[in-house]
Amino acid sequence: MTLIKTQYNRRSFLKASTLAGGGFVLGFNWLAGCTPVAEEVAEFVPPSAWFDLNAYLKIGDTGVVTIMAPNPEIGQNVKTSMPMIIAEELDVAWRDVIVEQAPLNTESFSRQVAGGSQSIRQGWQSLRMAGATARQMLVLAAANLWGVAPEDCTTSDGVITNNRGESITYGEIALAASALEVPEEVKLKNPSNFKIIGTNISNVDIEGIITGKPLFGLDVRREGMKFAVVLRPPAFGQKLESFVDTAAREVKGVTDVIRFGDKVAVLANSTWAAMKGKKALSAKWITENPLESTTYHDEELNKLLDKWTELPLRKEGSVRYDLAIADQVIERVYEAPFLPHNCLEPMNFFADVTDEKAELIGPVQTPEWTRKRVATLLGREEKDVTIDLTRMGGGFGRRLYGDFALEAAEISSLAKLPVMVVFSREDDMTAGTYRPASKYKFKAGIKAGKMTSYYLVGAGVNMDNSTRENNFPAGAVENYQVESHNLESNITTGAWRAPVTNFLAFAEQSFLDEVAATLGQDPIQFRLDLFDQAKNSPFGELGYDVEKSKGVIKLVAEKAYWGKPKPGVYQGFSTYYSHNTYVAEVAEVIMENGAPKVQKVVCAIDCGIVINPQAAINQAQGGIIDGIGHAMYGDFVFENGVPQSSNFNNYRLIRMQEAPEVEIHFVQSNNDPTGLGEPTLPPVGGAVANAIHAATGERIYKQPFVKNLKVLG
Amino acid sequence: MAIYQLNVNGKEHQVEADADTPILWVLRDHIGLLGTKYGCGIAQCGACTIHLEDSAVRSCSLPISSVGDKPITTIEGLSEKASHPLQNAWREYDVPQCGYCQAGQIMNAAAFLKNNPNPSNGEIESAMNGNLCRCGTYNRIKAAIQAAVKNS
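So the protein sequences, as listed, match chains A and B. Using the working numbering, you'd call the opening residue of the first sequence number 23 and step up by one each time. Using the working numbering, you'd call the opening residue of the second sequence number 17 and step up by one each time.
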């Protein structure tokens, strides 16, 4: 066992209410329970009293335990995996656990954010402590009752047993335990004794999902609520001059039309009426800022790529000198378009703003930041603004921004009614916060059969740093330099699943594959040699762990039979470290009717301890399929500030027929866990492009592949 | 506005709506059945799939006036105790990530299997190609459908 101090976010472990307050809860939602089999539901007897041991959990007198899922659930499965960690240390049987989504509560929970693949990594310690602290209080209460030392008691599946053979359930001792002081120190389990972590636990919302229960933001309903559909400027750079709403107000079901800033909200009794009302508005727009087009971004980014800077982000040796004296210089440019997120549940939010309070409910990845901004917008104190979280129909970074929640708050405040803002798919795609367009130029200097210099310049739209200068191969090349340039734009951009690396990894891993090919080296051996160089005599600091990097490469090479493909199968390799997780992938491409088709991807991952293997595999597979889809098909063009795609008839997402088989292998590890929401995505574009090269001899330098590779077009 | 008589999941509903109102919004906003999801509004993503008699249809593009007396089944009415072979398979394979598309996936697959109880892998893929899953759970959806075929 590990002994650790509980001062870390100690407020979370203070009892949320006194005994008199009781934590008595009625009418909780059984649908969030974890027992998936229908007949077992009937046997469930609700406890008549609940006892709060800390903010994360309460124990019913029947022994059933309610665990709060603190972080927003966007499909990364933290609503299941975070409570698993608490249940593990509490030492209860998972069948006795009910999971509830916690509301925003900064007093009790730290970092209620879904982003950066950090929920598990940053929550690990506090979640374990939440469970272990409660367990320790239960044991102490039982020991007091029996007049034995706590050390003479053991726990298993919610039952405490002493050395005389007497036992008591958590439910029976919870009342006494809840009166105890929170301990100063707690003992954590040795990972080798884990019983829940490392097992396959079903998604806690599976019953609700497969029976159509109202779990999502768009499913929120409140008495008197109006649906609001919003007309926003059609082009980035435009503002609202005036509008006519006569026809909109005549649409049956429309109850009001409200201007706020440069937008107009149509309120109605149904979503359809609000959508029709919006279409009936006519507006005049004025151009206040440049209306940008993709051709403009292209030209400007090209100019930036040709600019040398005196202030590189990282520099070792002299790239300029080494490139000048190299036997051969390989220079390549890689290009990526903007991308919308296209969460399948379009943006939406509920708000009920009254004179006393602002109550918000909905899908947002950043409830704390959103509450701050809502409070500022409304001129209220933060304590008067509440945000409850729903399950989210995807996030991918789009729901970090909370603009939809601010719209709901503003409209509700003006209308003095409870309001749900609903984005149509067209609104969602054309009023987005896009993955910025970016370009990368690489130069590699080759001398005596070796890469002796590596130069990367990145340029991106609204990207302060379009690179990750300390990532591989930093530290492995004698002369190394990375620079980044920013192109300011009025198009809203932001984080898109694996920000920066979602395209940078493709560019880098495609380039390294080409360098290896030029040197006549096996692409995996070429990288392993570079990693050895970085380990044995590094050039500067390393931003990655060499052994873990090599570990996933070797595992994937073995599992994919690297270098020994079946006849007609072409392999491509790629590896990338991002969001604290190490990933290596081999894509297999076959030729079908003269065109390359991705048949399979084999992937090796080192993310430390795997909390819930079946969910981890799901997440890893999804990241790979998402990455292939956007590399192959994702395209988003602007003309005069107007997005040229607006729905799935003119924006292509990957579908079942194009999704390859995906095989996931985890490195066995007892290291603290790291995240999985993003890390499998960055490397896959490179693995596929390198396999396509193996199959066709064609290199791909631009996404989407379908538009830029003649054999795919 | 006109008054329409609808049979949804075996229950009669009287709904007053404009003739062009898609059944999706009738279900969600008039009747209060929220399991059928809005994804695109133009029959491109399949999140809103329901059954009209035995056929899978995109409810976002089906005006109320065109339903007539054909019975509608939504995810809420697919089975008595969430016991449809597909629902069982979805549990077994722990298919969902975000979960938003899954009701539509299940409804589409259920109608497909009714007409083709023993499909090939290729037939499953082409039948399901109209249903988007933004999270990329396609492999599990396919595996779950294959399992449901075996178990029914």
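Be a bit skeptical, because a hint or two may be false.
[To be verified] Restraint ranges, calculated between C-beta atoms of paired labels, are given here:
#1 E96/B / E245/A: 26 to 36 Å
#2 S70/A / I58/B: 27 to 37 Å
#3 A201/A / G48/B: 49 to 59 Å
#4 Q679/A / M17/B: 55 to 65 Å
#5 E108/B / W391/A: 15 to 25 Å
#6 A35/B / W391/A: 51 to 61 Å
#7 L197/A / E32/B: 52 to 62 Å
#8 A617/A / E32/B: 33 to 43 Å
#9 F282/A / G48/B: 21 to 31 Å
#10 K27/B / N291/A: 44 to 54 Å
#11 E108/B / F282/A: 29 to 39 Å
#12 N311/A / D36/B: 31 to 41 Å
#13 D567/A / K27/B: 56 to 66 Å
#14 E32/B / G283/A: 30 to 40 Å
[Stated by the list, open to error] One side only, chain A facing chain B, incomplete, derived with CB under 10 Å:
#15 Q98
#16 K274
#17 F670
#18 A681
Just so you know, the hints here were simulated from the structure itself, not pulled from any lab data. We treat Cβ as the ideally placed atom computed from N, Cα and C, and that holds for glycine.
Worksheet entry | Structure versus earlier hints - violations, ascending order | 2, 3, 4, 5, 6, 8, 10 and 11
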